[in-house]
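> Sequence:
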Amino acid sequence: MAGQEACVLMIAVVLSEEYAKLDGAVAKRLSSLPSIPHVPRVNTFIPTLSDASLDHQRLLQRINAYGLVEVKVSGDGNCQFRALSDQLYRSPEHHKHVRKDIVKQLKKNRSLYESYVPMRYKQYYKKMSKIGEWGDHVTLQAAADKSRKCSSCILQDGTLFQYEAKICLLTSFRDSCFVEIVPRQQPPRRELWLSFWSEVHYNSIYEYRDLPNRYKPKKKYWLF
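Numbering (the numbering used here), first residue to last: 1 to 224.
Don't read these hints as lab results, they were simulated from the structure. Take the hints with a grain of salt, since some may be wrong.
To be verified - Simulated crosslink set (DSBU-like; lysine-lysine; CA at most 35 Å straight-line):
| no. | residue 1 | residue 2 |
| --- | --- | --- |
| 1 | Lys127 | Lys107 |
| 2 | Lys96 | Lys108 |
| 3 | Lys130 | Lys107 |
| 4 | Lys127 | Lys104 |
| 5 | Lys166 | Lys127 |
Go ahead and model the full structure; you've got the sequences and the hints to work with.
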């Protein structure tokens, strides 16, 4: 089973490198938007149903205004990780690997994130390791900071080149619609674009021409 998982992940990494060539199309459309600073924090606020509904309408208006397409992922508690998986590998199904990588980043770099967590740090990352546990702004920062190996980029000493990704959120916030999560260690070589609705749900967003074929509506042919 471990060998099979490693094989699946290897394929996903190769796909990720190919899809990295497509990054930037959404950024070109939204480059004029001012972004607000990202502050890592845990989830503490859940909106009322009425507020969430208004926020959702605001987000949909922004997505439509910028000519983007939202790929909806399951709201099963894994939506942040599913949306990140979709941006990295063009499939939300690698969300377990994404979660595992983020938890590893949290465990190995306690000093970077502990001050943002209002509970015992070990308790926090153990909680985040559970499938179905909601991601938060701390896990987003860890996802941006996480180095990803590029198997096609070999350095002179024979080691694999590693890169980080900037995560961009198109949000339902009333005051600002754009948040950037920038990696702390290295300049990013990728951009991952997510929609963020009212602190409760994430989806993956694309410009239509970059939308993976599996998400595009199938053409209908008429037989005469």
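> Could you work out which of the previously given hints the structure breaks and list their numbers from low to high?
none
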